[in-house]
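Peer 1: Next come the chains, spelled out residue by residue.
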Amino acid sequence: MESENIEIKLLLEAIYLKYGYDFRNYSMASIKRRLFHRLLASELKSLSEMQNKLLYDTAFFETMLLDLSINVTEMFRDPLFYLALRTKVIPILETYPFIKVWNAGCSSGEEVYSMAILLKEEGLYQRTQIYATDFNEVILSKAKEGIFPIDCMKQYTSNYIKAGGKNSFSDYYTAKYDSAMIERDLKTNVVFADHNLVTDGVFGEMNLIMCRNVLIYFDKKLQNRALNLFCESLCHGGFLCLGSKESIRFSECADNFENVVEGQVIYRKKL
Amino acid sequence: MRKLELDNKYEAVVIGASVGGIEALRVIFAFLPAAFKQTIIVVLHLSPQSSGLAQILSRKFRMIIKEAEEKEKIKGGVVYTAPPNYHLMIEDDKTFSLSVSEQVNYARPSIDVLFETAADVYRESLIGIILTGGNKDGSQGLKKIKELGGLAIVQDPDTAEGDSMPRNAIAVSEVDHILTLDKIGLLLSGWLRQ
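So the protein lines, in turn, are chains A and B.
In this text, residue positions in the first sequence follow the numbering used here: the first is 1, and each later residue adds one.
In this text, residue positions in the second sequence follow the numbering used here: the first is 1, and each later residue adds one.
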């Protein structure tokens, strides 16, 4: 094994033993690239030195944790996905008296609020409970705040329109200086909670699980773990929404789901 | 003049292009055989809404051109393209992985991201090619390919629609060949037909 790869393995082991965050089964190319960029930006000479520092310097580890978790997201990212949710999935959810939605790996919350807006416009929000989870507490508290840079609103408005938005997007936030604050009402039915797809288990029976662009960072083994967790958490006929380049095709639970929307990664758990 | 040839130790070529890239790739691909045993991987800067390079190119050429899929095993005889709006990376076991992490050099997919991860895996059996483009993406990746023993080729900036990408690449690393598009096509063609 290359010495560099040994250093990475040991460093990830150290993070797990010391802080409980388990990156050992993540896709390594991305982890390696991010670790080396952090190394270059620091005074440290090697990953071994970095390992030593993160063991004794919690503040240093916390900045590294932000490096290792990818938090790039948008409101109504992939508008056609949201349009498909609106036209193909909502009519089925509508038949339930109460709806539970889990946004796993919610990052800074953009997708959570997109979902809340969509449910609201379709008249389902009042009987929905949304669980928004992430393993990274710093990013989770950002999600809870629901304050986004005002510069992003142009892009989000355009996404919202393409996603079949029924109102004016500016109804959903208050602009203040360079920030846009999400309307309070969109938070009332959302519970933000710390949950790690690598180490934690089932916490409720869901009608819809949305986990977009999270599995791409996992290796096959970890992908199977997360997908099995989703499968267990969904009620019969529940929906699983993944990122546009993600798939359950080659996973252990491929047979438990059927793809219900052509061209979108929206599965339904078989009855 | 001595005829340029590529050693058959090379297993794969990674190609990066930006502005004017589709036309440049068309010129190069016109020289290439339909069947070969090596691997070609391409990153082109495209708008996130684009249908993707594979769709654009596969109408015109007979070789297998497909968008790289998450965890897909890399095979010989295939031209893989990066999906729009995702970084494309290569894992140690020669599978692809995708990422939506921050743009690198204002781009996603970024050429640097593919080149750096490809260099780590293919080392001295990798060829990196930088084509036309209006920024500096790819320079660091090409440098890494050179550092790990691979071969660096850059389109002659005087013949490129966007000359800053090739110029930056040449400024940053000791490139092996600076060539026009048809020379690059011929060189790859000879190598793929070995």
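Just to be clear, a hint being listed does not mean it is correct.
The list that follows gives simulated cross-link-like pairs (lysine to aspartate or glutamate, EDC-like), each with its CA atoms no further than 20 Å apart [claimed, not checked]: (1) A/Lys-45 - B/Asp-92; (2) B/Lys-144 - A/Asp-57; (3) A/Lys-142 - B/Glu-72; (4) A/Lys-220 - B/Glu-102; (5) A/Lys-9 - B/Asp-92; (6) B/Lys-146 - A/Glu-4; (7) B/Lys-144 - A/Glu-2; (8) A/Lys-9 - B/Glu-91; (9) B/Lys-146 - A/Glu-2; (10) A/Lys-18 - A/Glu-74.
Simulated from the structure, these hints should not be mistaken for lab results.
Peer 1: A/Lys-18 and A/Glu-74 were given as a pair; does the straight-line alpha-carbon distance stay at or below 20 Å?
Peer 2: violated, 32 Å
Peer 1: For a C-alpha distance cap of 20 Å, please report whether B/Lys-146 and A/Glu-4 respect it.
Peer 2: Judged against 20 Å, a Cα distance of about 18 Å means the pair holds.
Peer 1: Taken at face value, is the distance from the CA of A/Glu-2 to the CA of B/Lys-146 at most 20 Å?
Peer 2: At roughly 18 Å apart (the allowed maximum being 20 Å), A/Glu-2 and B/Lys-146 satisfy the hint.
Peer 1: For a C-alpha distance cap of 20 Å, please report whether A/Lys-9 and B/Glu-91 respect it.
Peer 2: Status holds; Cα separation ~15 Å.
Peer 1: For the pair supplied as a hint, A/Lys-142 and B/Glu-72, is the alpha-carbon distance within the 20 Å limit?
Peer 2: Violated. A/Lys-142 to B/Glu-72 sits at ~34 Å, over the 20 Å cutoff.
Peer 1: CA of B/Lys-144 to CA of A/Asp-57, is that 20 Å or under?
Peer 2: Violated, because 31 Å separates the two Cα atoms, which is more than 20 Å.
Peer 1: Taking 20 Å as the top limit, are the C-alpha atoms of A/Lys-220 and B/Glu-102 close enough?
Peer 2: violated, 23 Å
Peer 1: Given the hint that A/Lys-45 pairs with B/Asp-92, test it: the Cα-Cα distance must not exceed 20 Å.
Peer 2: violated, 24 Å
Peer 1: For the pair supplied as a hint, A/Lys-9 and B/Asp-92, is the alpha-carbon distance within the 20 Å limit?
Peer 2: holds, 13 Å
Peer 1: With a cut-off of 20 Å on the C-alpha distance, tell me whether B/Lys-144 and A/Glu-2 pass.
Peer 2: holds, 17 Å
The structure shown violates the earlier hints numbered 1, 2, 3, 4 and 10.
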